[in-house]
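Chain order of the listed sequences is A and B. This note's numbering numbers the first residue of the first sequence as 1 and each following residue consecutively. This note's numbering numbers the first residue of the second sequence as 1001 and each following residue consecutively.
Everything labelled a hint here was simulated from the structure, so no lab data went into it. Each hint should be verified, as a subset may be incorrect.
What the hints assert, rightly or not - Straight-line Cα separation of at most 25 Å, DMTMM-like style, residue types lysine to aspartate or glutamate; simulated pairs:
| id | chain 1 | residue 1 | chain 2 | residue 2 |
| --- | --- | --- | --- | --- |
| 1 | B | 1099 | A | 266 |
| 2 | B | 1003 | A | 173 |
| 3 | B | 1008 | A | 266 |
| 4 | B | 1211 | A | 170 |
| 5 | B | 1181 | A | 266 |
| 6 | B | 1211 | B | 1095 |
| 7 | B | 1192 | B | 1212 |
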Amino acid sequence: MTILSRLRHRSLPSRILMGIYAIVSIYPLFWMLSYSLKNNNEIYVTNPFGPPLHPRFENYRTAWESFNVPVYFLNSVIVSIVSVIGAVLLAVMFAYAVARLRWRFRETVRTYMIIGLFIPVQVVLLPLAVLMRDLHLQNTLLSLIVPYIAFNLSFSTMVFYGFFRTVPTELEESACMDGASLYRTFWSIMLPIVSPALATMVIFVFLNAWNEFPLALILISSENLKTLPLGLLFFQGQFTTDWGAMGAVMTIASLPTILLYAFFSEKVESALTVGSAVKG
Amino acid sequence: MNKYLGNKAAIAVFVLPALLLYSLIVFWPLVQTVYRSLFDWDGVNTASFIGLDNYKELLDDDLFWTSLKNGAIFAALIAVFQIGLGTLLALAISDAKVKGRKWLRISFFMPVVLSVTVVCQLWLSIYNAEYGLLNKLFELLGLSYRQDWLSDPGVAIFAIAFVNAWQFMGYHFALLFAGVKSIPEQFVEAAKIDGASKWRSHWLITLPLLKETYRFCLVFAVTGGLSAFAQMFIMSSGGPGTSTYTLTYLMYRSAFRINEFGYGSASAVVLVLECLIATLVINRLVARERIIY
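Build the full structure now, drawing on both the sequences and the hints.
As structure tokens, this is what we get:
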């Protein structure tokens, strides 16, 4: 290929478009990171756009020490991890029974579960708040964990279902011949086979739980039980005078998901977009 | 084998936990929402049955119409922005043999993994009238376009919708990019050999083959826009005035601010119907047949 045709091939307009949008997309995040390391004077007047010239890490100390950030962070960690374990475990069991085992109402039950894909969480906020009150779960972390598990079930079961359907039945037949119980077959043969789907759904549920906002807003009011997305909200008033500390809190809250994405970017993208194959 | 796979006790162990939890936390509350919408209820005391009165009241409520309108604006804006730009970028990145494609993809997708609270707070500071990035930028360029983005009733809903559009563009981009990659290259090559330009062959070949992806993207963007809540709640509290109310925000305010659970439930039911109709219409408009290569 000659240089000339190569140049023509690299079409300029698309490259400009991609370059500009990459800046639009990423610069606000860079700006946030930068101002988390500046003081107000730098943000407002002397250096609003560029990277911090004298990084002020004390903003992070202020953020971590003077407010409830460690508590929120810990709550987010607990809620996310327990939700991931619960949702993935329940969903994979359910999907296995519906996809592989033989019983009468399995198609009906599967359809019933699919309905959940079309129920926006906003619609059930009110009865859920009442329900949690009646179950005396309000103002415990369980009042978040239980709904987070439940609302991830429809989706996760559909993904696992798709995986289980592709596994040949001979596997169970030979396990049956060897005298393994059904539980053992599920645990030592089927689970390892669907492990790529397990990884996908762990990421999916984790990101959902870590970032969830409306349910947390409705169901949690005690300061000691707030997760980061909720806790962050109430800094707004307190921190209006100290943008640096506010930026530090926001950066801390985003770090886990950003790191997850940085290390497993392809896996995260496919986990979040796997829905198109299911919902369509 | 039938006996092995038909083990009733095991089936119960596998199915019941998920089934019961789902029924109690997802399905039963949906039934409750519909049921409660027929009552005058403050959430605590005894409810009194009033039939469809909540719905009649909704139709007379200006706030309801504002909310519907804002839902439509929100949905249209994010659908056009995310799907339009997502398409252009997906095509551009799959054509161009540029270095750093991976970095471009990562920067498009990065905002998707952030929490909506962080994103809204960030944009609050970007929109800030005095020190915000946006006004500083206009100042730098010497334009006298500075303004208070969130306190102008005509502008606020667009400013807020843009935040959602910005955050989730990468999501649609990733879907569309995966779709473009799954189309065999010969298809577009063939059109090029027949003399069509690159963009023309995309228009004729690639885009029609992405129908399934478009259907999903549209459903996702439109239902997401209609039920928008977090952006209003965090960035504008429905204001200035009532200019950025949406149905979910109306529901939230009715139930948790002024204790009208029945009325709030009625607006939730309208929201479900609205999303359902939108989904059906989109499925109708964008043909359903599966494409197999």
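Going through the hints against the structure:
1. Restraint check for residue 1099/B and residue 266/A: satisfied, since their Cα atoms lie roughly 18 Å apart, inside the 25 Å limit.
2. Between residue 1003/B and residue 173/A the alpha-carbon distance is near 11 Å, which keeps this suggested pair within the 25 Å criterion.
3. For the suggested pair residue 1008/B and residue 266/A, the alpha carbons sit about 40 Å apart, so the restraint of at most 25 Å is broken.
4. At roughly 37 Å between alpha-carbon atoms, residue 1211/B and residue 170/A are farther apart than 25 Å, so this suggested pair is violated.
5. Taking the CA atoms of residue 1181/B and residue 266/A, the gap is near 14 Å; set against the 25 Å cutoff, the hint holds.
6. At roughly 20 Å between alpha-carbon atoms, residue 1211/B and residue 1095/B fall within 25 Å of each other, so this suggested pair holds.
7. Taking the CA atoms of residue 1192/B and residue 1212/B, the gap is about 24 Å. The hint holds against a cut of 25 Å.
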